[in-house]
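Can you make the complete structure from the sequences, with help from the hints?
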Amino acid sequence: MSPDLTPVNGQYMEAAYIVAGAIYLLYSLSLWIRARRELKKQ
Amino acid sequence: MNAGTRGRGAIRGGLAVSAIGLLALAGVYVLALKHTPVEIRQGLAQKIFYLHAPAAWSALLAFGLVGMVSVLYLWLQDPRLDLFAASSVEVGLAFCLVMLTTGPIWAKPIWGTWWTWDPRLTLTLLLFFIFLGYLALRAALTDRSERARFSAVIGIMGLLLVPFIHISVYLFRTMHPMPILMKPSKPSLPPEMLKTLLCSFGVATLLYIGFVMVRYGLAIRQFDREEAQHES
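Chains as they are written, first to last, in the working numbering: chain A, 1 to 42; chain B, 1 to 232.
Hints should not be assumed to be uniformly reliable.
Listed below are several chain B residues computed to face chain A (Cβ distance under 10 Å; list not exhaustive) [unchecked claim]:
#  : residue
1  : R12
2  : G27
3  : R41
4  : Q42
5  : K108
6  : I110
7  : G133
8  : L135
9  : A136
10 : E226
11 : H230
Taking lysine to any residue pairs in the SDA-like style, the calculated list, with each CA pair at most 20 Å apart, reads [to be verified]:
#  : chain 1 : residue 1 : chain 2 : residue 2
12 : B       : K195      : B       : L206
13 : A       : K40       : B       : K186
14 : B       : K108      : B       : L121
15 : B       : K34       : B       : G202
16 : B       : K34       : B       : A16
17 : B       : K108      : B       : R6
18 : B       : K195      : B       : R8
19 : A       : K41       : B       : Q222
20 : A       : K41       : B       : R6
21 : B       : K108      : B       : T5
22 : B       : K34       : A       : I18
23 : A       : K41       : A       : L25
24 : B       : K108      : A       : Q11
25 : B       : K108      : B       : V38
26 : B       : K108      : A       : S30
27 : B       : K108      : A       : L26
28 : A       : K40       : B       : L194
29 : A       : K41       : B       : L206
30 : B       : K195      : B       : G43
31 : A       : K41       : B       : L198
32 : A       : K41       : B       : G9
33 : A       : K40       : B       : G9
34 : A       : K40       : B       : E226
35 : B       : K34       : A       : T6
36 : B       : K195      : B       : V38
37 : B       : K108      : B       : L97
38 : A       : K41       : B       : L44
39 : B       : K34       : B       : V17
40 : B       : K108      : B       : M178
These are calculated hints, taken from the structure and not from any lab test. Note that the Cβ used here is the ideal one computed from N, Cα and C, for glycine as well.
Structure, rendered in structure tokens:
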């Protein structure tokens, strides 16, 4: 297949990278908030 | 280490490892999007592979460890094993969510549909719900030993599904591609793509370690607090 026939579907790639990044960041944030609260306790 | 400080080291260490993991993830984004060639037949959508497969690896690693640790818990009755399993379930669900969202986004342009009730997809969804049920069960039970025992049984049931999901592409007629890396023969991928894939596998593993360390530290501290309340 020549490069000209390569499907144009970059929007799906962008969506997947945004969704995955958001999940990782939100989960990290949730852990960080819980950890911060816990470390403040005696 | 006394009850007041136990878990703090795991939390601090886990936060540091997670931060390094997130920075490395940003590096993988740059590597995959800017420095890895485009696959001619699938186009840019193929680059979802560098997120989807490593997330699947970490999810199955997490759930596999839950099952093995659950077997050990039923044998040794050490509460730390139960706390580790519960931590690994939560982290595994985060990776499983990445796998279950990036998969359909990749499937739509390649298969022409967001979802199909293919054996591997269906079993993965089932695994996700089994471990959601695991967390729901833990939240519902107040007796600690009962909670740990029932959780361990569910964890072992999940473990049975993990290898089955991996080999499902060989057992059934499926639309899902065959393994590219984790197979008896050599990886079937050009070297530039293989390098990016290996980096993303490493980063997903690092993130798993960091996340699970934090979550385990939190679980230990919660356990010690409950123990102290119980004694007083």
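Taking each numbered hint in turn, which are not upheld by the structure, reported in ascending numerical order?
Those not satisfied are hints 2, 7, 8, 9, 10, 11, 13, 16, 17, 18, 21, 23, 26, 27, 28, 29, 31, 38 and 39.
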